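Colleague: Could you put the whole structure together from the sequences, leaning on the hints where they help?
Top line first, the protein sequences correspond to chains A and B. In terms of the numbering used here, the first sequence opens at residue 2 and continues consecutively. In terms of the numbering used here, the second sequence opens at residue 2 and continues consecutively.
In short, the hints are calculated from the structure, not lab data. Please read all numbers here as calculations on a predicted model, not as lab measurements. Hints should not be assumed to be uniformly reliable.
Treat identical chains as interchangeable: a pair holds within one or across any two.
Claimed, not checked - Restricting the straight-line Cα-Cα distance to at most 30 Å, the calculated cross-link-like pairs of lysine-lysine (BS3-like) are: (1) 26 - 204; (2) 241 - 231; (3) 294 - 204; (4) 204 - 53; (5) 281 - 231; (6) 259 - 207; (7) 239 - 281.
There are 2 protein chains.
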Amino acid sequence: MIRLIEDNDPSSFELLKALYPHSGKAFIIGITGSPGVGKSTLIDALIFEFRKLEMKVGVIAVDPTSPYSGGAILGDRLRMQRHATDDGVFIRSMASRGQKGGLSRATKDAAIVLDAMGHDIIIIETVGAGQGEFDIAHLAHSTGIVSIPGTGDGIQAVKAGILETGDIFIVNKSDKPDAEASVFQLDMMIGMRRPLEGGWTPKVLKTQALDGTGVEILAKTFLSHFDFMKKQGLMDQKRKKLEHLYFQSLLTDLTLEKILLFMNDSKVFREALNNIESRKTDPITAAQHVVNKICVLGSND
Amino acid sequence: MIRLIEDNDPSSFELLKALYPHSGKAFIIGITGSPGVGKSTLIDALIFEFRKLEMKVGVIAVDPTSPYSGGAILGDRLRMQRHATDDGVFIRSMASRGQKGGLSRATKDAAIVLDAMGHDIIIIETVGAGQGEFDIAHLAHSTGIVSIPGTGDGIQAVKAGILETGDIFIVNKSDKPDAEASVFQLDMMIGMRRPLEGGWTPKVLKTQALDGTGVEILAKTFLSHFDFMKKQGLMDQKRKKLEHLYFQSLLTDLTLEKILLFMNDSKVFREALNNIESRKTDPITAAQHVVNKICVLGSND
Numbered sequence: 002m003i004r005l006i007e008d009n010d011p012s013s014f015e016l017l018k019a020l021y022p023h024s025g026k027a028f029i030i031g032i033t034g035s036p037g038v039g040k041s042t043l044i045d046a047l048i049f050e051f052r053k054l055e056m057k058v059g060v061i062a063v064d065p066t067s068p069y070s071g072g073a074i075l076g077d078r079l080r081m082q083r084h085a086t087d088d089g090v091f092i093r094s095m096a097s098r099g100q101k102g103g104l105s106r107a108t109k110d111a112a113i114v115l116d117a118m119g120h121d122i123i124i125i126e127t128v129g130a131g132q133g134e135f136d137i138a139h140l141a142h143s144t145g146i147v148s149i150p151g152t153g154d155g156i157q158a159v160k161a162g163i164l165e166t167g168d169i170f171i172v173n174k175s176d177k178p179d180a181e182a183s184v185f186q187l188d189m190m191i192g193m194r195r196p197l198e199g200g201w202t203p204k205v206l207k208t209q210a211l212d213g214t215g216v217e218i219l220a221k222t223f224l225s226h227f228d229f230m231k232k233q234g235l236m237d238q239k240r241k242k243l244e245h246l247y248f249q250s251l252l253t254d255l256t257l258e259k260i261l262l263f264m265n266d267s268k269v270f271r272e273a274l275n276n277i278e279s280r281k282t283d284p285i286t287a288a289q290h291v292v293n294k295i296c297v298l299g300s301n302d
Numbered sequence: 002m003i004r005l006i007e008d009n010d011p012s013s014f015e016l017l018k019a020l021y022p023h024s025g026k027a028f029i030i031g032i033t034g035s036p037g038v039g040k041s042t043l044i045d046a047l048i049f050e051f052r053k054l055e056m057k058v059g060v061i062a063v064d065p066t067s068p069y070s071g072g073a074i075l076g077d078r079l080r081m082q083r084h085a086t087d088d089g090v091f092i093r094s095m096a097s098r099g100q101k102g103g104l105s106r107a108t109k110d111a112a113i114v115l116d117a118m119g120h121d122i123i124i125i126e127t128v129g130a131g132q133g134e135f136d137i138a139h140l141a142h143s144t145g146i147v148s149i150p151g152t153g154d155g156i157q158a159v160k161a162g163i164l165e166t167g168d169i170f171i172v173n174k175s176d177k178p179d180a181e182a183s184v185f186q187l188d189m190m191i192g193m194r195r196p197l198e199g200g201w202t203p204k205v206l207k208t209q210a211l212d213g214t215g216v217e218i219l220a221k222t223f224l225s226h227f228d229f230m231k232k233q234g235l236m237d238q239k240r241k242k243l244e245h246l247y248f249q250s251l252l253t254d255l256t257l258e259k260i261l262l263f264m265n266d267s268k269v270f271r272e273a274l275n276n277i278e279s280r281k282t283d284p285i286t287a288a289q290h291v292v293n294k295i296c297v298l299g300s301n302d
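Modeller: Structure, rendered in structure tokens:
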């Protein structure tokens, strides 16, 4: 089913429509951070903790930076291989190849499938945060930002615009010398944010994913964030917001699919391209002409 | 002018049309790499080298990861401040806020302005590479990938899919202990790529941006890549390819602008949203309905 989505199979829409009413129960966790901070190892350890609580776990490892090679993705999956024979765990990698509709929507589609399949927890792993097109905050109910000591996390977090995105900040490889300084810096920067009324105060936690230190507390903090949102009535609000964003991205994708496919095959398009190449016109004038010709507004009734 | 583009001012299209015929002479360099590798400092030193050759330099610092805060961008600009009084240098930062048309196109627009203004070299700085929506390879004639020693560059480069994008690999902060190992690893990974016939073999260079070590050689290597492409007839090919991509992105943006603006204001859209919220329909069915109603294919003549 997820492969059909990745391949943009025509039947995937019908399948998603059938599954959609069965989704909406899972808690979706986003795990993000720079390459090399140990996200895959951490998720491997998180799976272990959630399984101890007898929760079914689905993982979607997304690589928005790689339109090219799938090597690393294979590596990530191997790292989580010890769960391969566990029926309560489903792991799937997605790269930005193939999907016409963009990686963000394909990931959302995959999450709907895992949700409808009855997974209690869905973990979406991705590089970076707030990356324009692929924004984990548009997919997850709770987002964990992973960093490692001694890389100037605080400043880089602001630089990457992720301080506003994170619900839980995880300082991994916390056996490294600068761990305490990183925690202190993150705590301070979170303190400087204006707190939302009745809102969640982001937590800063230390982990050593390799030996599992701190991961039980991390798993429980995610679950307490979940409880907090449910009790404050924030969960319905968040679900509604994510659903609205999904609808918007579907509108964008379907519009582009319909118009651009037709456009790129059209006589108008080919003529415009010739005119650009022969410098008879500039690309802006040419694009305006093509869009005016081909893309018409329909009925509003 | 660039501010008008960023603000998506209606007049910016007309201005770009007027400027376009005067563009096409600049050599566009992309500088990319993870946060913290010293890109801004390196560019500051590169400006200095190109100025020694009496070339006019324009810099566009792009932050695709930050829809939120502009703090770091200010920092970057401050770092290059020593060139502020030099008439031959123009520095401009862009974040992903505001532009309806996407950061990639806004950056291309800005590059057209700087090109038409007579800059010989345009440097586009951005985080990461091959990042889905914002792909530096769609904007630059030559791309430098900056990394620092001891971060497992080689493997991370493959992981991030950047090995295929880089023309020059720069190991910055090369006074660090693992510098030689990083160079060796990158050289080896480049050696493993199948070389393109008559193509450029990517170079690996060491720099210390802070004191300028290796930056003169770097500047000259960029220029020799430029010469190489011109001599091999690759430059025209590349320009044509980038122009085609620009045209495509204009088509996408104009289509979405026209359709989505109308759509999001329409009765059909509001009804669909209500039906989703009341669970009368799923978002996929709703989106298909709205697109069918509103987005019509026009004439192909």
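Colleague: It remains to establish, for every hint, whether it holds in the given structure.
Modeller: Hint-by-hint comparison with the structure:
no.	hint	in the structure
1	26 - 204	within (24 Å within a copy, 51 Å between copies)
2	241 - 231	within (13 Å within a copy, 54 Å between copies)
3	294 - 204	neither (53 Å within a copy, 46 Å between copies)
4	204 - 53	within (23 Å within a copy, 50 Å between copies)
5	281 - 231	between (60 Å within a copy, 23 Å between copies)
6	259 - 207	neither (48 Å within a copy, 48 Å between copies)
7	239 - 281	between (51 Å within a copy, 19 Å between copies)
Hint compliance for this structure: hints 3 and 6 are not met, and every other hint is.
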